[in-house]
Amino acid sequence: MLPTVWRLAAVLSLLALTQTAGAAGRPRYGGTLRVEMRATVAALDPTEPGDAGSRLMPLVFDCLVQIDGQGRPRPALAVSWTHDPDHRRWRFRLRPGVRFHDGSVLTAGPAIAAALTAALPGYTVTAAADALAIECPRPTPGLLLELGRLGYIYSRSAEGVPTGTGPFRLAALERGRRAVFTANQEYWGGRPFLDSIEVSMGRSPREQWIDLEVGKADLVELAPADVRRAADRDRAVWSSAPNILLAIVFYDGRPADTRVREALARSIDRAAIHNVLLQRRGEIAGGLLPQWLSGWEFLFPSAPDLPRARQLAAALPPSGRTASLAYDAGDPLARAIAERISLNARDAGLTVHAVPGNARADARLALLPVASLDPAQALPDLAAALGYKNWPRQDRPEDVCGSERTLLEGGRVVPLFHLPEDYGVSPRVRVWQPPAIGRLGGWRLADVWLDGDRQ
Amino acid sequence: MKGCLKVLFLLACLHAGRAAAETPEAAARDLARAVFAAVEADPAALSIRNLSSLPAAGFAEVRAAVMAALRAQGVRLAENGAAEVRVTASENLRNWLLVAEVRRGETRTVLMTAWPRTPAASAPLTAVWLERRLVWEQDEPILDFVIVEGEPERRLFVLEPSRVAVYGRTAAGWEPRGSFAVAAAPGRDLRGRLAVQGNAFQAWLPGSACRGTIDPPALECTAGEALWPLASGGSLAGHATFRAGHNAFEGTVFTPSGAKATVPPFYSMALAGSPEAPLWVMTSLDGRAVVYNASFSPAGQPISGWGGDVAGVEASCGAGRQVLVSRPGDAQEPDAVEAWEVGLNSAAPVSPPLEFSGPVTALWPSGATSASAVVRDPSTGRYAAYRLAIGCGS
Amino acid sequence: MTFRTRLLLIFTFAVVVAVGLVGSVVWLTTRRAFERVENQRVGTVVDQFRREFARRREEIARRVERIAGAETALDLAIASGGPEPDYSPYVNEAPALAAAHGLDFLELAAADGSIISSAQWPARFGYKAAWLSAAGEHGAFLQREELPEETALALIAVRVVSAGDRKLYVAGGEKLDPGFLKTLALPGGMRVLLYRNLAPRFSASLLTGDAGPLADAARLEALIEQVRTKHREASGTVRWTPDAVGAEVFHAFPLLGREKNLLGVLLVGSSRRELAELQRLLLWTALLTGAAGILLAVALAGWATARVTRPVEDLARAAREVAAGNWHVHVPVHSRDEVGRLGYAFNRMTRQLSQQRDHLVQTERVAAWRELARRLAHELKNPLFPIQITIENVQRARNLPPDQFDEVFRESTETLLAELANLKRIIARFSDFAKMPRPELQPVNLNEVVSGALKVFQAQFATAGVEPKVELAPNLPLAHADPEQIGRALQNLVLNAVDAMPQGGVLTVRTLTGEGSVRIEVSDTGEGLTPEECDRLFTPYYTTKTHGTGLGLAIVQSVISDHGGRISVESAPGKGATFRIDLNPASPAESA
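Sequence order for the protein chains is A, B and C. Here the numbering used here is used: the first residue of the first sequence is 1, the next is one more, and so on. Here the numbering used here is used: the first residue of the second sequence is 1001, the next is one more, and so on. Here the numbering used here is used: the first residue of the third sequence is 2001, the next is one more, and so on.
Just so you know, these hints were derived from the structure itself, not from any lab. Be aware that one or more of the hints could be misleading.
[To be verified] Okay, derived cross-link-like pairs now, SDA-like style, lysine to any residue, Cα gap no bigger than 25 Å in a straight line:
{"#": "1", "chain 1": "C", "residue 1": "K2128", "chain 2": "C", "residue 2": "T2072"}
{"#": "2", "chain 1": "C", "residue 1": "K2128", "chain 2": "A", "residue 2": "L306"}
{"#": "3", "chain 1": "B", "residue 1": "K1260", "chain 2": "B", "residue 2": "A1223"}
{"#": "4", "chain 1": "C", "residue 1": "K2469", "chain 2": "C", "residue 2": "A2572"}
{"#": "5", "chain 1": "C", "residue 1": "K2381", "chain 2": "C", "residue 2": "L2417"}
{"#": "6", "chain 1": "A", "residue 1": "K389", "chain 2": "A", "residue 2": "P255"}
{"#": "7", "chain 1": "C", "residue 1": "K2260", "chain 2": "C", "residue 2": "T2229"}
{"#": "8", "chain 1": "C", "residue 1": "K2128", "chain 2": "A", "residue 2": "A314"}
{"#": "9", "chain 1": "C", "residue 1": "K2175", "chain 2": "C", "residue 2": "A2134"}
{"#": "10", "chain 1": "C", "residue 1": "K2128", "chain 2": "A", "residue 2": "S302"}
{"#": "11", "chain 1": "C", "residue 1": "K2128", "chain 2": "A", "residue 2": "P255"}
{"#": "12", "chain 1": "C", "residue 1": "K2230", "chain 2": "C", "residue 2": "R2273"}
{"#": "13", "chain 1": "C", "residue 1": "K2128", "chain 2": "A", "residue 2": "R346"}
{"#": "14", "chain 1": "A", "residue 1": "K216", "chain 2": "B", "residue 2": "G1329"}
{"#": "15", "chain 1": "C", "residue 1": "K2175", "chain 2": "A", "residue 2": "R346"}
{"#": "16", "chain 1": "C", "residue 1": "K2128", "chain 2": "A", "residue 2": "R308"}
[Claimed, not checked] Just so you have them, the derived chain A footprint on chain B, three or more residues with Cβ under 8 Å:
{"#": "17", "segment": "1091-1097"}
{"#": "18", "segment": "1103-1114"}
As the structure is a prediction and not an experimental result, all values here were calculated from the model. Glycine is no exception: its CB is placed at the ideal position from the N, C-alpha and C atoms.
Same shape as in the complex, but just chain A (with noise of 0.2 Å):
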C-alpha cells in the first residue's frame, strides 16, 4: 500500500509534468536551429576567421584536437599525439577514415601541412603517411591549445574555397547577411542531432531579443541587462567564460600626461557599474587575463582610489585635466558605461566626454577578446590588439604575470571588466553535452538537439 503522501505526490507530479510534455532526457535528431547575431560573416575561411566567423568556425572545421570546457586537448582529427621532453617536437596520428565535406579523405598530405604553417606561423609541419610531425621554434608546452584554437584542417577546392571535416556543412552563405548550414552525415564525431542550422547575421539586439520572445529564432545574443530579463522570462542562457576583457584603451600619446590616464583609472568605480549596468555580469577586472585563465588576476588592483584620483588630478594643470572617451555608438552599455566612467572622473576632477563612433579621442571603450586558453598565448594576443607588436611570449605563469604587470604599467590600458557572451535560448532547445558554447565563445552546436522536432 502507498503512503497517502506519495499517491497525492504521484497526481501532482504527473500534473506537473503533463505541462512540459515533450521534454526527454535523451536526444533526439532533426529539426533547425534558427541563430541569430549582430555581427556579419561574408566569408568563411580558417585563414580569416574575425571575431564573428571564429564562432561559426566550429560548425564546418575541425581541429587536430578538441579543448573540452575545462581547457583540456581531447582528441579530435588527431587520436594521439607525442612530444619530445623539450615540447620541440610533436608527432600526430591522425584519426583513419575521415572524410572531407567534398568527400575526399583525409590524409597527413601537404595540403594539411600547408593549413597548419599558415594557422601557426614559424612552426615547421611536415606530413608522413598517417602522421603530421610539428617542429615548434621553441619550448611550446601549449601547443595542443594553439591547435584547437587556430589549427583547422581543411582543404581548398579548385575555386580555393576551404573544405573542412566539421559536424556540419556550409550549405548557403549570403554575404553578411544568412549563413545554413546543413548535419554532415558522415561525421567522424556522429551525425549533428540537428538536421541544420539558419544564421541571420547583422540582426539588432533588440530585434534579437523580440524574435526570441516570438519564437522566430532559437538562439539569440544577450545583453548582460536581457540576461535577467531572460532569467525572468524563464529562458535558458548560455555563456562563455567571461573571455572578453572591456577595457579603456588610450591612443598613442594621448593625452599627453601620464597622469591623466592614472587618475582616470583610480577614479572609476567598477563595482557600481558591475553591479547596475552589468547587472552582475562578467568579472571586475584589475588585470587583462582573467581570473579563471590566470588565476593570479586579483593581485592587479580594481578598486577606485578617489583620493589618489584628486590628488594627481590636482596637480595637473586646468587645461590638461580633460580627456575624451569615444565608444561603440551602436552598442547603449557601452555609452552607459562610458558616461559613467565621465561621471566617476568628474568626482576626481577631470573632466572627461563620453563621444559616440570613432570620433578622435584620446582613449575608447574597447573590447577586447582573449583569444586562447594559454594565458602564455592570450597575453601577447591582448598585447598585439593592444598595438604592441612581438610582445615576448613567456611560458612560466610568473613571468606571464611579470609581463602582463609590464604591459599594465605602461598605462596604455584600463582593465575594466571581464565579460562573458551570453546567449538567449528559446525552450525547445537542449544541449546534450555541455557547454554549446566554449570558454572562449566558440559555438559547439553539434550536441545540440531539439525538444519537440521528430526525427
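Got chain A sorted already, so can you dock chains B and C onto it with the hints?
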C-alpha cells in the same frame, strides 16, 4: 613621487630548472622556501585566504600545509611582523595556485606555486529510499560499468567509447589492471552495455559487439548491428537492435521465448507490473513513456515527464517491480532518479528523488535491486559512476 | 526771375507747407494709435504666456504624480528597504517611465537621496541627490540639472511614494530648452528666449531661442543684466538692424528656483516689424499722396499763373516789339478784367502811336522832299545861271566878227562844258548817296586810318589856317570796320570841321577806347551848333553851310550805321563841336 610608497614589484620564479609541484604539500613547501628567502630573518604577519573553488575542507588542508611548511622552513610568524605575507589559494584552468604577496618595507614580492588539479574528493554517500554509492570518476565518458566481486580481488569493468578498462581494488583504491580497445560507430550520444561473468565479459556498442576474457587478455569484436540484451530487475527481458549512429533501439524486440514484436524506436525499457502480467515500459523518442502489455499492445496512458532512461528493479515491496526513472530536462541541469511503480492505468513515484549534480547519461539495471548510473558533472565535465540500490523501509 | 516763376514758387511753397503740416499731424496721430494698440496686444500675449507657463508647471506636476501613483513606483519603494537593497533591476525604470509620460527628466531616488534610476543621466545611479529631501511636494519648480555635457534648466516636480516606513522620491520634469520653448503657443511676430543663468557673468552662449543659440545675443545683455541684478521684470527694445523694422520689444522675467535664486531669465520678444512695416506703408502712402498732391498743385498753379501772366507777357512782348519799331503789334484780349483792360489800352496806344508816326513820317517825307527840291533847285540853279548867261552871250556874239565870235564861242563852250561837268558831279553825288555799298568788315587799326585821312588835308589846313592836332591812343584795339569807308567818313567829318572854322582854328582828332567800343573823336573850335542843329545834323540834304549838298553827315551816319556803330555830336554855340564815332572792336580771333 614624494610621499608616495615606492613599490617594487618582483615576481619570483620558483620553478626555474625543475618541474612544478604535484601535490599541495609540495607546492606549500616550495612556497615556504621562497617566502623564507623573501622575508629573510624578519618576523612575518601571515594571512591566508581562499579565492579558489576548493571546498572548505580542501582549503583547510592547504592552509595547514602552508602553515606547516612555513614553520618547517623557519619562517617566524608574528602578528605585527616587519614583513607582511598574504597567501592566496587560487586556481586557473589547469592548476591550483598558491600566490604569496610579501611586503617588506617598500618592496612587494609576489611568489607563485602551482599543483595540478585532481579529481575532487568522493562525495559522501546518502542513504534514503534510494541509495547511491560513487564507484568511479574519470574524464572519459562512461557508457556502463560492472563491479564483480570475486577472487583474487574485486574488479571494476568500465565501458568507454573506445575501450573496456579493468581496475582492481586495493587498499589505495581502484588500480588499473588493463584495458581492451573497442570501436563504436561514430555517435554523439554514445551508449553501451557491459556484461561480465567470471573471467569473460561482453560489450555492446553502437555498430559493434565484443566478447573477451581477462585472463588471458583477449577481445574479439564484430562490427554490425548486434542484438543488445534488454535487462530488468536482474533478469533478461529480451533483445533488441541498437541503431548504429544513433542513440536509440530499433523497434524490433525479441523476447526470451523467441517471440518477435515491433514497437516504435525507444531509448530504454523496464519491466513493470507483475511476473504474471508483465508490462513493458519503453521511453519513446517523443519524450513519453509508453506502456505495452505482454503481447506488445499499448496498454494504459502514455506517461509524460520522464527522462529518456529507465531501469527496472525488483524491490520486495509494493508491487514488486519498480522503474527507476531519470528526470527530463537539459543536460546542463542537475538530474535526479526516482522509483516509480507503473500499473495498467497508473504511474506513481514511490521514492523521493535521488538528486545528482549533473545529468544522468546512462542508467542500466545491474541486479534485482540495483542499477548503474553515470552522471556527468557539468562544472568539471567529468563522469561519475554510481551504484544505485533500492531498499524497502526506512 | 520771371513773374510767372515767382508766382509758381509762391504757389508751390504754399502747397508743400500745407501738405506737410497736414501729413505730419496725421502721421503722428496714427503712429501713437498703433503703438497703443500694439502695447495692448503684447501685454495680452505676455499674460497668456504666463498662464501657459503656469499650466505647464501644473501639467508636469500631474505627470510626476501619475508616475508616483503607478505600481512600479510602489514596487520600487518597497524594494528600497533593507540593509543592502539591490537597485540594479530598476536601473532602466526611469528612462522607460520618462518616455512613457513624456518627461525629459526623471529620477527615482531612495530615502537617503541615492539615485536608483535616472532618465536624463542614466550613469548617475548610486549618486546622491541631497536636495530631494528638502524639495517638498509642491508644484513644479525651476531646478538646475547637471547633465553629462551641460548644465540645463528644468521644471521639476517632486513626489514621495511611501510604503510603510520606506520612501521613494520621484523627481521628474521637462527641460527648458529650444524644444520646450517651441511648445509654448505664441502668436506670430512673437518669440521666447531663455537665458540660463549658469555663469557669474553674462554669456551669450547661454541665451537660446526656440531654434537654438541666438546670434548677436550680446544686444540683450543690458536687459538681462537688469533682471539679473534686480530680480525684477524689465523690458526694453533691441534694434537688430539700423532701421525700425529690425526693432523688437522684449519683456524679461526672472525665473527663480526653489530657494528664490535666479536660475534663468525668460524673454518674450515682440517684433516691431509688422508695426514698422505698417507705419512705413502709411508714411510712404502719405508721402506719395503728398507728392502727387504737390505735383498736381504745382501743375494747377502753373496753369493758373500761365493764365494770369500770359496777357502780361503778351503786353511785354508787344512793348518790346513797339520798342523795336513794330508799332503795328496787337495783343489779344481774352478778358474784361484789369489785365484785359490793360491790353485793350495798350492796343489803343499802339494804334494811336502808329497813326501818329505815319503822320509824322508823311510830314517828314514831305519836308524832306521839299528840302530835296530846294537843294536840288539850288544846286541845279547855280550852274544853270552861267549856262543861261553864256548861251545868251553866244547868241549876242552871233553878230560879232568871226574872230570875236570864235573867241566868244570858245570861251562860252568852255564855260558850258565846265558847268555841265558841275551838273554831272552834283548828279553823281546824289547817285552815290543812293548807291552806298555794303562795308567789307575787317580788323582795322583806326590810328592808321586817322593818319591816312589827315594826310590828304595837310595843304587845305594850311590854306584854311587850321591847326591839326592828332591824339592817337597807344595800344588801341583793332576795330571791326571797312577801312576805306571809315576813312571817307572821317574825311567828311574833317572837311566839315574845316568848313566850320572859316577863320581857322584847331582841329583835334583823337582815338581812344570807349565803353565796349573803339572811338574816334573829331573836334573843331568853330562856332558850334545849336541843339536843334544837332538834332537835324544827320538828316540828308540838311546843311548849315552855304554850299554843299547836305549829304556829307548823312553818308557818315549811314556808313557808321552799316558798321553797327554809333555817331553822336556834342556841341554848343560858340564852343565848337565834337563828333564821336564808336565802332565795335574786332574779336580776339580776328585780331590774331
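Hints, one by one, checked against the model:
1. Distance restraint check for C:K2128 and C:T2072: the Cα-Cα separation of roughly 21 Å lies within the 25 Å cut-off, and the hinted pair is therefore satisfied.
2. Pair hint C:K2128 plus A:L306 holds up; C-alpha atoms about 17 Å apart against a cutoff of 25 Å.
3. Distance hint between B:K1260 and B:A1223 is fulfilled; the C-alpha atoms sit about 23 Å from each other, no more than 25 Å.
4. Of the supplied pair hints, the one linking C:K2469 and C:A2572 holds, its CA atoms being roughly 21 Å apart against a limit of 25 Å.
5. Only pairs whose Cα atoms come within 25 Å are accepted, and C:K2381 paired with C:L2417 is accepted, the gap being roughly 16 Å.
6. At roughly 21 Å between alpha-carbon atoms, A:K389 and A:P255 fall within 25 Å of each other, so this suggested pair holds.
7. Taking the CA atoms of C:K2260 and C:T2229, the gap is near 13 Å; set against the 25 Å cutoff, the hint holds.
8. About 24 Å separates the Cα atoms of C:K2128 and A:A314, which keeps this hinted pair within 25 Å; it holds.
9. As the CA atoms of C:K2175 and C:A2134 are separated by approximately 21 Å, the hinted pair is consistent with the 25 Å bound.
10. For the proposed pair C:K2128 and A:S302, the alpha carbon gap of about 23 Å is at most 25 Å, so the pair holds.
11. Note on C:K2128 and A:P255: the hinted pairing is violated, with a Cα-Cα distance of about 31 Å set against a maximum of 25 Å.
12. For the hint pairing C:K2230 with C:R2273, the CA-to-CA distance comes to about 30 Å; that exceeds 25 Å, so the pair is violated.
13. A threshold of 25 Å between alpha carbons decides the hint, and for C:K2128 with A:R346 the separation of about 14 Å falls inside it, so the pair holds.
14. Between the alpha carbons of A:K216 and B:G1329 the distance comes to roughly 22 Å, so the proposed pair stays at or under 25 Å and holds.
15. Among the hinted pairs, C:K2175 with A:R346 is consistent with the structure: their alpha-carbon atoms are about 22 Å apart, no more than 25 Å.
16. Between C:K2128 and A:R308, the direct Cα distance comes to roughly 22 Å. Compliance with the 25 Å bound is thereby established for this hinted pair.
17. Residues of the segment 1091-1097 of chain B with a Cβ under 8 Å from some Cβ of chain A number 6, which satisfies the need for three, so the listed coverage holds.
18. Only residues whose beta carbon comes within less than 8 Å of a beta carbon in chain A count, and the segment 1103-1114 of chain B has 3; three or more means the coverage holds.
The structure shown violates the earlier hints numbered 11 and 12.
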